[in-house]
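Peer 1: Residue numbers (our numbering), protein chains in the order written: chain A, 1 to 321; chain B, 322 to 642; chain C, 643 to 986; chain D, 987 to 1330.
The list that follows gives simulated cross-link-like pairs (lysine to any residue, SDA-like), each with its CA atoms no further than 20 Å apart:
1) A/K185 x D/N1040
2) C/K913 x C/P949
3) A/K316 x D/M1300
4) B/K453 x D/E1011
5) C/K975 x D/D1284
6) D/K1312 x A/Q34
7) A/K185 x D/D1035
8) A/K135 x C/D666
9) D/K1031 x A/Y252
10) C/K974 x B/V631
11) D/K1319 x A/V310
12) C/K687 x B/G564
13) D/K1200 x D/R1152
14) D/K1258 x C/P949
15) C/K678 x B/L497
16) B/K583 x B/A571
17) D/K1148 x D/A1201
18) B/K618 x B/L347
19) A/K197 x B/I525
20) B/K342 x B/N401
21) C/K861 x C/K888
22) B/K456 x D/R1041
23) B/K637 x D/G1096
24) D/K1022 x A/Y252
25) A/K185 x A/Y252
26) A/K165 x C/E695
27) B/K589 x B/K607
28) C/K678 x B/I576
29) B/K486 x D/E1039
30) B/K342 x B/A615
31) D/K1249 x C/P949
32) A/K10 x A/K271
33) C/K913 x C/N891
34) D/K1318 x A/L315
35) D/K1312 x A/L315
36) B/K453 x D/F1037
37) D/K1022 x A/S184
38) B/K550 x A/S184
39) D/K1008 x D/N1040
40) A/K297 x A/Y27
I should point out that these hints are in silico values taken from the structure, not numbers from a laboratory.
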Amino acid sequence: METVNIELLKQLYAVMFKIRKFEEELYSLFLTGQMFGTIHQCDGQEAIASGVCANLKKEDYIISTHRGHGHCIAKGISLNKLAAELFGKSTGCCKGMGGSMHIADISVGIMGTTAIVGAGLPITVGLGLSIKTRKTSQVAVCFFGEGASNEGAFHESLNMASIWKLPVIFICENNLYGFSTPVSKVMNIKDVAQRAKSYGMDEIVVDGNDVVAVYDTVKKYIDFVRSGKGPVLIECKTYRHKGHSRFEPANYRTIEEVEEWKKKDPVKCFKNILKENYHQKEEDIKVLEENINAEIKSAIEYAKNSPGPVAEESLKYAYAN
Amino acid sequence: METVNIELLKQLYAVMFKIRKFEEELYSLFLTGQMFGTIHQCDGQEAIASGVCANLKKEDYIISTHRGHGHCIAKGISLNKLAAELFGKSTGCCKGMGGSMHIADISVGIMGTTAIVGAGLPITVGLGLSIKTRKTSQVAVCFFGEGASNEGAFHESLNMASIWKLPVIFICENNLYGFSTPVSKVMNIKDVAQRAKSYGMDEIVVDGNDVVAVYDTVKKYIDFVRSGKGPVLIECKTYRHKGHSRFEPANYRTIEEVEEWKKKDPVKCFKNILKENYHQKEEDIKVLEENINAEIKSAIEYAKNSPGPVAEESLKYAYAN
Amino acid sequence: MQTNTYNTMAEALRQALREEMKRDERVILLGEDIGKFGGAYSITKGLLDEFGENRVLDTPISEIAIIGAALGSAISGLRPVVEIQYCDFLTCCMDQIVNQAAKTHLMFGGQMNVPMVIRAPLGVSGSRAAQHSQSLESWFAHIPGLKVVVPSNPYDAKGLLKSAIRDNNPVMFFEHKLLYGSKAPGDVGIQKKSEQSSVMESATDEDYTISLGKASIKKEGSDLTIIATMIMVHRCMDIANEFEKKGINIEIIDPRTIVPLDKNAILNSVKKTGRVLIVTEEYPRCNFASELVAIIVDEAFDYLDAPVKRINIMDTPIPFAPVCEKFVLPNKKRIVNAIEQLLQ
Amino acid sequence: MQTNTYNTMAEALRQALREEMKRDERVILLGEDIGKFGGAYSITKGLLDEFGENRVLDTPISEIAIIGAALGSAISGLRPVVEIQYCDFLTCCMDQIVNQAAKTHLMFGGQMNVPMVIRAPLGVSGSRAAQHSQSLESWFAHIPGLKVVVPSNPYDAKGLLKSAIRDNNPVMFFEHKLLYGSKAPGDVGIQKKSEQSSVMESATDEDYTISLGKASIKKEGSDLTIIATMIMVHRCMDIANEFEKKGINIEIIDPRTIVPLDKNAILNSVKKTGRVLIVTEEYPRCNFASELVAIIVDEAFDYLDAPVKRINIMDTPIPFAPVCEKFVLPNKKRIVNAIEQLLQ
Ligand SMILES: Cc1ncc(C[n+]2csc(CCOP(=O)(O)OP(=O)(O)O)c2C)c(N)n1
Ligand SMILES: Cc1ncc(C[n+]2csc(CCOP(=O)(O)OP(=O)(O)O)c2C)c(N)n1
Ligand SMILES: [Mg+2]
Ligand SMILES: [Mg+2]
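My request is simple: use the sequences and hints to build the entire structure.
Peer 2: Here it is, written out as C-alpha cells:
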C-alpha cells in the first residue's frame, strides 16, 4: 500500500473479523445441533477474501467453492440473507434451496458457489467472456483451493481465459490440504502459481495470511485485467484452522503445524499491526468488533425466526419460465 | 546416435516407408470407395512413430489416438491384422469390431487407440501404474496431438504420472493443427513442452520430422523412465500432409505452408541422408522398399479376401465372461 | 420479399442460428472448428463472416471449459449456443452440464436463468464405431433442469432450435448425423434417399417457432401407434406406408422434445389404437423408450390391447463392421416383426 | 476359528475389500483420501496399514486420471477398485467410464478384459443439497458394457462387492450413504433406526459371494409386488409390515443388481401378484424404474391387474431445505398412497 489509508485498513480488518466471527458462530450452532447439512469453514483464510474483495466493485463478479462463506461476506452479501440461507429459510439469498455450499446473491455480484471441486473455474471463464462480449469494465474473480488445481477443469479454464484474454482473476487459496491430502503428496512442484506459465501467464505468489499483501497484489494486477490484457492467477499461501468440514478433526495434520500457523492468524496478526504500526486504539477496534458481533447475532436471530419454504415450493425452481 | 548403426538406420527408414505406403494405399482405397467408416492419416509424421518405437521392446506398451496407424505399424502389428481390421473383417486384430480408430494388438503391446481426444493419456497412466505395481521393467508410451494438450485429461494425467513417478513417456505430436484449428489460436505459449514444468518435469522439444533426433531423444530418457525415476513429456514438431480425416482438404492451411513442410518430408529427407551421409545405394533401398510394397499389397489382399464377422457376433463382445 | 426454402436439416439449422443471431445480439456461438471451417458438419458455415469473431468463437479442444464458458455467460447476460462435435464427447463435460447448468436455477433460488443451448450430432452414421455413434439423449432427459430436443426434419429443426435459443433453461439439442443431408468437408453426413420420406419437410424463411413440448403426428392411423424419434421417424414412416397398402393404418408420433414431453398427444393416440410400438436409436436400458412405456402404462393402462413394445439399439457398444452395425440397429426387419406381433 | 459379524454396511464393505485384497494381490485401491484417512465414509480405514502404499493409493483430486489409472491397470494385469467420493463426481470422468472402460472389450475384439470396480456413495443424506445427493445409477445401467450393483444391506453388500471384484467387466458399485451406518470423521452417515428393518442382515467372515444378477426376495407376499433398491427396500419393508397387520401381504423384491438383471425373479412375482409398485431414489425420467415397467409390460402384460406404478425423486434438482428435501423424496406418504391406489 503506497499511501496509507487508515479507513481501508480498518475495513480490511472489519471484513476479516466479520468472517471469523460468523464462522465461529456457525460452528457453535452446529455443535449444539441447531443446524443441518454440512459446512466447510474458512477460519484462518480470511485475509484472502478480504484483501481480494476490497479491490472489487459491486458489479464485479465472484465465483466460489464449498468453502465460500468468507468470499461472500467480503463481497458484501447481507448477513441476514446468508444466515437465513444456511438455515434453509425462504428469506435466504437462495430461498433455502442452496444451503451452505450454494450461495449466490447477484445483487452484489456473487454469481454462485459450487461444491464440485474445480467446477467454478470454467464458469468464471464464462463470466469473463460475457464481460468481454458486453464490453463492460467488470472483472470476474474465481476462488478455488490448491486441490482444485489438479482437476482438468483448472487446466482448460486457465488456457481458455488466457487465449481469449478474458478479464478473470484466478485466486488459488493454497491451504496446504485438499480434504486430508497434503499438497506435497499430489503435486510435484512448490507453487501452484508455477502452472500459470503453461498458459503464458505470470507466476504470482503471495502470503495469503497478510491481508495487505493480498490487497496490494490484486491491486497491482486488476487494471491489467480490467483493461482486457488477460487473466492472472494469484496463489495465496494460507492454512485453515478447522477441519475440512463440520467436525472433521483434521488429525492428518500435526499439532505443531497447526500451532505454527495459528501464530500467523491473519485476523489476530493484523489487529496487532493496526495497533502497533498504525496506532489504532484497542477501544476503537472494540467498538468496531462489537458492532460486527451485534450484526452477526441479529442475522442469526433473523435466520432462526424467518419462515421456511413450504414443501411444494422446491418444485417451482427446477425450470425457469 | 553415438556410434552409427547402419542396420538401425535402415530399420528406422523401413518403418517410416511402410507407414507412408500403407497410408497412401488406404487413401486410394478410400478414394475408390472400397473402404468405409473414416480414417485419420499420419503421412508426414512417420518419423515420430518410427523413432519412438525403435526404442521399445515388444512387451512395452503403447496407447494411441484416432491417428494411430503409424504407431501400430511401428510397434510391430502385422499388416494383415491391421488391414483386415480396417476392412472390418474377422481376421482383423479386433475382429472387425474396432475399425480404424480402435486398433489394439496386445501380443505386441498395442494396448489400444482411442478416438476421444486426450482420453489415451489417463489410460497410459494406468499402464504405468500397473508396471510399477507389478515391478516389471516395461515402459508405457502415449501418443497424442497438441490439440489434446488442451484437454483436462492431459493435465490430470501428467500430474498423476509425475507424483507417482510412473514409467510413462508422453509423446506429443505437434502437427500445428487440431482438426482445422491452428495451435497458435488455442495456446498462448510456444511449446506444449513448456507445460511439463507444471508437473516438475523437463521441457523437451525435438524435431519430429528427424527420425534420428526422435530416436536419440527417446533413447536418452528411456532408461530414466524404465528405472522408475518418473515420466517424461517429449514434444515432436511435425506436420500432417493430408487433411484431418478422409478427404478433408485442409483449406485452412496455406499452400505455402504445406509446401514448406513437404520439403521437410521425413521419409524423403531421411532417404537422402541414408544415401548421402551413409552411402546406401539406391538399388539396395529399392529392394527394401519393394519388399514393403509387396507386404502391403498382400496385406490388403488378405484383408479383402478375409471373411467378415457374422451379424450376431457383435453381441458376444459387449461383456467379458 | 424473396422466400427461401431450406431442404436439408443442415441448412435449416444454419438459418435458425442466423435468424436468432440477427434478432438478438446476445446470442453467441461456441465450439470446436465452428468458425471459418464451419463445424464438422458445416452447420455454422458462413456465420463467422456474417457475425464476426465476437459472436462466433472457435474454441480449444476443452469441452469442460466450453460448457463453463457458455454457462458463465448465460448467467450474465448472453445466450450462448454451443456445438459439441459429437454427442459422445458430452461425456467430457457432464459435470458442467448436469451439476452446474441444470441445477443453477434451483440452487440459487431462481436468481439466475440459464439460457443456453448445447447442440450435438448423434447416432450411427456408417461405421464410425463405438465412440462416434451413440445416442445419449436419455441421459440428459434423466436430469431435472434440462430440456431435450430431438428433431426429425428441417422444418421442425428450425422451429425447435429457435425456441431452444429463446428458452431460459439449458436445452440439449440433438441432431442425427444422417439427417443433416449435407456433405461435410470432413466426415460426411450421408442421407439415404429412401429414408427421406414425406416427413422431410423443408424449412422456410418465416420467423416461426415450434414450442418445446408439442409432439407432431407425422401420419394418422387407427390400428397401431408408433412413437419414434429422429431418423427412426423416417424408417418407421417407410414401413408404415408399406403396411398402409395392406390396409393397416399406423399412426406415427414424433414427440420432437423429450423434455418437456407432450403426454397428451401420446396418450390420445394410445387411447385410439390400443397398440404401441416405440422405436428409438438409444441403448436399450433405462431409456426414453422405457419412460414412454411407463407413462403409457400408468395413464392409459385400460386402453391397451397388447403389451407396449420397444425397439432400440441392441445391448452392446456399437461395432465397426457394417454387417454388425446394421444388425444392432433398429432395422426394418426388427420393426416389421414387432408390428406384426403387436397386430396379432 | 473366530467368526466375526459385520453389522454395518461400512464394515461389511471394508471386510469384502480386505478379503479380496488378501486373496488376490492384483487387487489395488485408488481414490481420494482413502489411505491413512480411510475415505470420506471410512470404508477403507485401516487398509493402508494392512496392505501398504502400493496397494492403497491416495490420489489427487483428478477423477479423469483416477479412472484412467484404474482402466489402464485393469487391462494390464491388476484388478483395481476405485472409490469416487460421491456419485455426483462421476460426472467428472464419464468419458473414461463410458467411452473407454465400458467399450474396451468390444472395441478391441475381446482381447482385453476390464476387471475394475468403481465404488461410489449416492443418495440423499440430509441437506447435502443438489450436488451431493443424487442417485445416478441408471445412467450407467443405460450403457452396454457396464454392470451396476445397488446393495441394500451389509450381508448383500459384502457378497456383491466380492463378486464385483472377481468380475471381468467394469462394475459400478453404488452405496447409499444412509445405509453405511457408520459415523465418518467428516460428513456423517446417519442411520435412522426405523429404517434398519429386518433386511439389515449382517455380513459374516465367510468367503461367500453373491452372483451379480440374482435378486433377493426380502419379504414374500401375494397381494402386491414392490420392487425397491437400496434404502427404499427398508422404507418399503417398514410400510409392508404395517400393511401386513391389516391383512395385506406385500412381496418385496430387491434386484440387488440392475445390470445384469434378474428378470425371472421379478416376473415370477408379478405373475403371482398382478400388481406392481417400483420405488427407487432416482430422478423420475428414463430411469431404472421405467426400465422395470417396460420389461414387466413386455413380458407379463397378461398378468397385470393394474397399471405398474413408479415412485422416485420428484422432477427437480434436490433442494437444501429439509422440508423440501423430504417432500421430493419417495417418502412414506407417497408410497402408502400408491399402494392403496394399486390395491383398489
Ligand atoms: C470433483 C470433486 N471431487 C472431489 C470432491 C470432494 N471434495 C470436496 S472439497 C475437497 C478438497 C478440496 O481441496 P481444495 O481444492 O484444496 O479446497 P479446500 O477444501 O482446501 O478449500 C474434496 C476432495 C468434490 N467436491 N468434487
Ligand atoms: C474429446 C473430443 N473432442 C473433440 C473430438 C473431435 N476431434 C477428433 S480429432 C480432433 C483434433 C485433434 O487434434 P490433435 O490432438 O492435435 O491431434 P491430430 O488430429 O492433429 O493428430 C478433434 C477436435 C474428439 N474426438 N474428442
Ligand atoms: Mg486446500
Ligand atoms: Mg494436431
